[in-house]
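K.L.:
Sequence:
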Amino acid sequence: MALIMLGYVRYAPYQTDWDGVTYMDIASAILHGRWHLVVNAYWGPGYPALLALGKWVSHANRVQELRAFYFVNYCIVLASIACATFFVRSLQRVRMTLANLEHTVTQWAISSPLLHLATYALLFLAWLGPISPDNVRVDGLYASLLLLAFGCLLRLAVQGGFWAAAGLGFAFGAAYLVKSPAFILALIAVGALLVYWKLQSAPKRAYLMLLSTAAVFAALAGPYIVAISMQKHRLDLGDSGRLNYAWCVSATGRYHLLQNQTERFGRASVHLIHPETELLANPVVVAFPHFAHATYPIWFDPSYWNEGVQPHFSIALPFRNLLRQLHPVERFVILQLLALSALALCFLFKIRITSSPSAHRIVSVLVGIFLLNFFLFVLVHFEDRYILGPYWAAWIGTLAFLVAPQDAQTDLGFARGITLFFAISVAAFALQTVMQLREKAIWNDQPVGWFNLQELHAAQALEKSGVPPDAHLACFHACDSGAYWARLASMHVTAEIYDERYMRDAGHPAQEWRSLPNKPEILAALHTVGIPGIVGRFHTQPAEDATLPERWQHLAGDYYWLPTQAPVTQTPAAPQSAAR
420 MALIMLGYVR YAPYQTDWDG VTYMDIASAI LHGRWHLVVN AYWGPGYPAL
470 LALGKWVSHA NRVQELRAFY FVNYCIVLAS IACATFFVRS LQRVRMTLAN
520 LEHTVTQWAI SSPLLHLATY ALLFLAWLGP ISPDNVRVDG LYASLLLLAF
570 GCLLRLAVQG GFWAAAGLGF AFGAAYLVKS PAFILALIAV GALLVYWKLQ
620 SAPKRAYLML LSTAAVFAAL AGPYIVAISM QKHRLDLGDS GRLNYAWCVS
670 ATGRYHLLQN QTERFGRASV HLIHPETELL ANPVVVAFPH FAHATYPIWF
720 DPSYWNEGVQ PHFSIALPFR NLLRQLHPVE RFVILQLLAL SALALCFLFK
770 IRITSSPSAH RIVSVLVGIF LLNFFLFVLV HFEDRYILGP YWAAWIGTLA
820 FLVAPQDAQT DLGFARGITL FFAISVAAFA LQTVMQLREK AIWNDQPVGW
870 FNLQELHAAQ ALEKSGVPPD AHLACFHACD SGAYWARLAS MHVTAEIYDE
920 RYMRDAGHPA QEWRSLPNKP EILAALHTVG IPGIVGRFHT QPAEDATLPE
970 RWQHLAGDYY WLPTQAPVTQ TPAAPQSAAR
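Every number in my numbering is 419 more than the matching position in the sequence shown, counting from 1.
Rather than coming from a laboratory, the hints here were simulated on the basis of the structure. On a predicted model such as this, the values are computed, not experimentally measured, just so you know. Note that CB positions come from ideal geometry on N, CA and C, so glycine has one too. A portion of the hints provided could be inaccurate.
Claimed, not checked - Computed beta-carbon distance windows for the label pairs:
no.: 1; residue 1: E858; residue 2: Q984; range: 43 to 53 angstroms
no.: 2; residue 1: G949; residue 2: H455; range: 21 to 31 angstroms
no.: 3; residue 1: D889; residue 2: S783; range: 47 to 57 angstroms
When you get a sec, could you build the whole thing from the sequences and use the hints?
P.N.:
If you want it as structure tokens, here you go:
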């Protein structure tokens, strides 16, 4: 697995998004000691700290940093394997402990070596899909830390011990610094542990061990909670849940929300404390110069720009939102179809969870935590990468406690064969994927996958055009999938032309630009605040002169440049149907 993933990291296709660029910016803030930029109620500091460490060790410059970040992700893959090994060994220890306590000899359907193999295959399937290491995202690290936490939870449930309790606090504390939903998940896990102990009639001293869990968790997460709360002047554990509820359930505008845009408030009260500056009303041109060291400040700290958005919580609204989540849930089921089918076939052929009440309770705890975590996300905003840690724990835990009837040795062999087939299939699929990526890279005369000539050449062309480093730019569709080109050029996007009235139906950026009224006023407004030009992305080629907007200069690929001081021919006024 480790060797195949090394090839995947080398040849995986280039991709970046807003989240990835923001994590890179926070990593840069850590390296330069700008700690006020690191305290962020939306993005945790744990993953950027690892990115900063990787960049510091490799001494990578802006052009080479993405490769360094990919190899940081590769190290997280190795850590994920270690966490999975710890979790499986915790399950093995639980199986032995329960057998000793109940004085039974159990022939498990899935042996220990096969359980390890199936676990690695399950992780492999995720690392090739939703948490692929070729994307600068936090979810692989988050899921791995949760798996570590569940391993400590299992040991604490059946054996107790100070180190298991402290490890539980460490794993959940580190997970919280990576992603704030870990705080709620920690409460759910500890609550499930207390219920399990109650059903098992655990001695009172067992409950005292949770004091060390709380102490370690507070030592890790406490300082950051204090820092966020001081920044917000209120107790704040993180704003990602509240904001995603506002955007996805209350239908509040996610991007460039202004106080006068009441039609975009949805079901929320909006009294913006830090609104963006509206440079022009028709079309809407906004400026957001705060966080000047960030590549794209509007996504660097969404909690700052959305301070004052208060969604109206309702029991009915999240359930109405369920229909929107059907597609990502369907995608998750399809991606996990091989793993779910292997488990379903075991049940079909009389393989069942052991009759031990304690084992049933442990499986119920793991599956219950997964289901609660699943429904928390599916009622607001669901993506498969959000729930992988609890899903791994539930799937592996269920597999570990399967047994076959004593007179069904054929069924036992079938279960083991199905599990082995699952592991071999995933490994073969992974190897085939890496070989195809390598062939594609060679065919495109590209030695590694992380390199993207278009964005690099666009950044170099900006520098050659006379725009100084650290300049503030505007964008028009050039930030739709992140603004890594601006980071490569050491520049900052602090203004944007974003008006849904003209962008909703045009279907093509060039047509959308032509539909905008008041183009000279757009350029004049941007020039007034010191922005030298606009970077646009039009998905066309320079040779196609008939499709190019007027006065735009080609940078590279489908990136274009329009200086704000350049004259632009006035276009007809917008139709009445587009008026606000």
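K.L.:
Now, for every hint given, state plainly whether the structure supports it.
P.N.:
Structure-based check of all given hints:
At roughly 47 angstroms, the beta-carbon separation of E858 and Q984 lies within the given 43 to 53 angstroms, and the hint holds. Hint check: G949 to H455, Cβ distance near 23 angstroms, so the stated range 21 to 31 angstroms holds. Look at D889 against S783: about 56 angstroms separates their beta carbons, and that is inside 47 to 57 angstroms.
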